[in-house]
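Peer 1: Kindly produce the complete structure, drawing on both the sequences and the hints.
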Amino acid sequence: MTRDELHAKRLAKEAETAYLQLHTRRHFLKESAMGLGALAMGTLLGGCGLSAVDKMAREAANSGANPLAEFDPARPLLPKAPPFAARAKSVIYLHMAGAPSQLELFDFKPELMKMDGQDCPPSLLAGKQFAFITGVPKMLGPQASFQQRGQSGAWISDHLPHFSTMADEVSFLKAVTTDQFNHAPAQLLMHTGSARLGRPSMGSWVTYGLGTENQNLPGFVVLTSGGSFPDAGKSVWGSGFLPSVYQGVQCRSEGDPVLFIKDPHGMSRDLRKASIDAINQANAASYEEYKDPETLSRISQYEMAYRMQITAPEVMNINDEPDYIHEMYGTQPGKSCFANNALLARKLVEKGVRYVQLFDWGWDAHGDNAGNSLNLGIINKYRSVDKAMTALLLDLKQRGLLDETLVVWGGEFGRTPMMENRNGVQNPYKGRDHHTDAFTIWMAGGGIKKGFSYGETDEIGYSPVSGKVEAFDIQATILHQLGFDHEKFTFPFQGRPFRLTDVGGKVIEEIIT
Amino acid sequence: MILVPVFNNSWVPNFLLFTLYFLLFHMLEFFGRFHPILVHLPIGFLILAVLFQWIGRWSGYSYLRLSVPVILVLGMLSALFACVTGLALSGTADYPESLLGWHQWMGIGTTVLSLGMFWAVQRKKTRETNLIAVMLLAGITITGHMGGSLTHGEDYLSFGPAEIKPTLAPIADIQAVHAYNDLVQPIFEARCVSCHGASKQKGNLRLDEPSFILKGGEDGLAVKPKDVENSELIKRLLLPQDAKKHMPPISKAQLTGAEIQFLQWWVRTGADFEQKINALPQTAQDKQILLDLQTASQDTGNLTKAGSKGATGDGAAAKGSAAAPGNPSGVRKVFSLAASIPEQPVQAAKADLVQRLKELGVVVLPVNRESAYLSVNFVTVGKLIPDSAIALLEGIKEQLIWLKLDDVQLSPAAFSLIGKLNRLTRLQLSNSNLSDESIGNLQNLKELQWLNLVGSKVTTQGLLKLGTLPKLQQLFLYRAAFSTTDLATLQQAFPAVQIDTGNYRLPLLPGDTSLVK
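Going down the list, the protein sequences come from chains A and B. The opening residue of the first sequence carries number 1 in our numbering; numbering runs sequentially from there. The opening residue of the second sequence carries number 514 in our numbering; numbering runs sequentially from there.
These are calculated hints, taken from the structure and not from any lab test. Treat the hints with caution; some may be incorrect.
[To be verified] In the DSS-like style, the derived pairs of lysine-lysine whose C-alpha atoms are separated by at most 30 Å in a straight line are: (1) A:K128 to A:K9; (2) B:K715 to B:K765; (3) B:K1030 to B:K984; (4) B:K758 to A:K128; (5) B:K638 to A:K430; (6) B:K959 to A:K80; (7) A:K335 to A:K347; (8) B:K846 to A:K80; (9) B:K933 to A:K80.
[Claimed, not checked] Looking from chain A toward chain B, a few residues come up when the C-beta cut is under 10 Å (computed): (10) K89; (11) E213; (12) Y382; (13) P428; (14) E510.
Backbone N, C-alpha and C fix where the C-beta goes; we use that ideal spot for every residue, glycine too.
Peer 2: This is the structure:
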């Protein structure tokens, strides 16, 4: 036998063995013990190891309910009843983008005054990360004078002379914390429950869960002022993985509220209707072919846009309001400003809009120039919102709307008790760096206690001492007031149910009634 | 023989030896921690063995008996492991001695019994087998229960939900009671003694008698008279609730803010065990603290929420710092939407009526998904509401509790139809043509709590017709034809109603229109 023959024979035998092995029970059992075990294990543990989607599918099959059954792509914004008894029907969220200083507005710290100009004790710096502070900064006393206001005795600084009269209408959260010290991620965390892009915003969740009562207006409206968008961009009112129809509709605060809301010159209402009908027919044909629910959303959006052409200009037009209302808010008709937006927010909520989100940019009080210094530019920010936010509360109140509208005011984080020293050099103006450990948010209306304060910070406003809450807790509370259990309000995505509060969140029972 | 000199002369083997001891000791402690898991094995095995033994008496199941010896051996081995790990664990934790002793010996006894049963089964001694089996079951039950009592506390196995017991019986006059006997001791008794008392002494601390209280525990003096800062007990109470050393542990009922403040005062004034409150020094602030404690003791509702706000404001208030004096429920009454839903259930409304209303563009919704009560809003119907739409509401009047008609014109007939919707708790007829005549229709709405007449044509004369609404709480009259000078008359007619006439104005301040540059 030659070497080659021997080799061939060996190979043939090997092949035969391999072939036979694949057919013998003994081999199968021997070699696949692990695999069979795993299969058995999988079945045994089925109950607990079931993937969320399987579970949902199974539950849906059992109960006939589908997580998306309530999503009607043709009428995605139809109003729905909340799962539990709600305390609020609408939300107006006033976000001061850039993060206002709690130490100049609500968190009065006389001890910090005494430390003004001293070197920051090393204990406050150890293990901490700041956006700009490097080395040893100086402490900075409160750049404001404070008084106790109203029966509740809440401390509010003289920077907010109008809002000071509202102490007995709101609940303060004095020990809010976050874990993000940059604007964009912190804003995303506050509004979408994640510091990364891609999650639906709170307004999207709420309109997904509740729809909106007025089908002629969007359910989730976003109004911006202050000369710039919030740092997180449009993602902060995005719909993430929810159907895109739930994203915030940004209305312009100058000129037409929505671009192209008027019919073009020479186009009649009937012609507009006919062209929308034609587009919708084409879309309907496309839907028949591909069954993409987003196509139905698009059809419904066209229809809503058509209806909005009638309703929106009227609602969005603040000029028809009486003069004394304009005076109360301090509006500047024709310009873009927070006061106009606050008045608009009231009008929208009055007409049944579910969630109105205001962003006012320019609160980033670093003190690296006069415009963002606590003693100059930022004082103008206080002035630009003080009267308007006070007027908003009073106006909602006198219309009987405050009981069913939850108003939230706050930024994305707080400011340090230290004066900012960018790159180790003292900033030219008085300013504070970003601070994640403690800041103040207030809430009013919608079943929130009136004249109450929850949470406390240490003597210099650096860390919470009691009543610490985080973004998830605020989101859980807002959802609770609207009639949701934040732990059960989920959407299936990428194989698991997602919720606004991720795996955190505790309703702040202390401030609700 | 060869090793000894090496051991004596070099530090290396000594170090090794030390490491060995260290490892052994800590391994032992580590294995001990598996005791609470391992114990369940012998419990399961031995009960199974007894069951198989007995079920095997029926001829159809006699084959079960074949496996009894195997199960018994497994049970014995696992019981042995449980004993070893249990002994290892017993050295490391501070369980009450006597209970631990009993548990230990019962456990060992049960192990021996399982050996006995094995012997009896093997020798086919039926009577002995049954006798030992009964003893074995009893042994497992008692040992198991004792183990449970060790880990969960002796009062764990009792009926009813775990209640947060009130600390103090209602006190009529706090100044007249005994500081220690009537206040300090009851607080300790309710919140501390279960772990720091006669049966358990965690941290070697007992708080059930004055001598023990003053003696302190392994972390030093629990109470150092006149020195709050160095009293471990006060320190622990004041730590944030999620701090590891906070007392009571976060899972247990907490002391209220008033109780903590009181204990601080008691320590500050010398931790007296003899005197009455009025014999001890008090500042105005202390008097307030004591009064708070007295009020809290009379209000039984406070107990369930005890301590969630912990020591809010104390230290800070004493130093005159910035904490606002908090009123736990806020300073003004909040009218909650949720409170306007009746408690008694109602059957669902007729679906066809709801459907017809929806077709007219009316928003008809259950107030929430658990309720059949309905809320109706005409927001998208338009300004002129046809009587036929209002007439449809009569068919759902048993369910209809919230009705919103804003910016609408209605006929007199429609107003009289609304007057028949007598389940309404919230009614909005804002910016409508409701007049002094048509408002008379509303006086039959006996359930009405909230009435919004903003921007309507109603005057005081008309409003007085509503005097018979027994449940009315809130009335909104902003921009109604009603004049504010009549407010006193109106408030007299509706003494229990919060009337909001609105028309708020804000003064124009220099800062509102100027910029800082």
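Peer 1: Next, verify each hint and record whether it holds.
Peer 2: Results of checking the hints against the structure:
1. A:K128 to A:K9: Answer violated: K128 of chain A to K9 of chain A is near 73 Å, above 30 Å.
2. B:K715 to B:K765: Holds: K715 of chain B and K765 of chain B sit about 15 Å apart, inside 30 Å.
3. B:K1030 to B:K984: violated, 55 Å
4. B:K758 to A:K128: holds, 24 Å
5. B:K638 to A:K430: violated, 94 Å
6. B:K959 to A:K80: It holds: about 28 Å lies between the C-alpha atoms, which stays within 30 Å.
7. A:K335 to A:K347: The given pair, whose Cα atoms are some 18 Å apart, holds under the 30 Å limit.
8. B:K846 to A:K80: holds, 29 Å
9. B:K933 to A:K80: holds, 27 Å
10. K89: holds, 7 Å
11. E213: holds, 5 Å
12. Y382: This hint holds: Y382 of chain A lies near chain B, its Cβ roughly 8 Å from the closest one there, short of 10 Å.
13. P428: violated, 16 Å
14. E510: holds, 7 Å
The structure shown violates the earlier hints numbered 1, 3, 5, 13.
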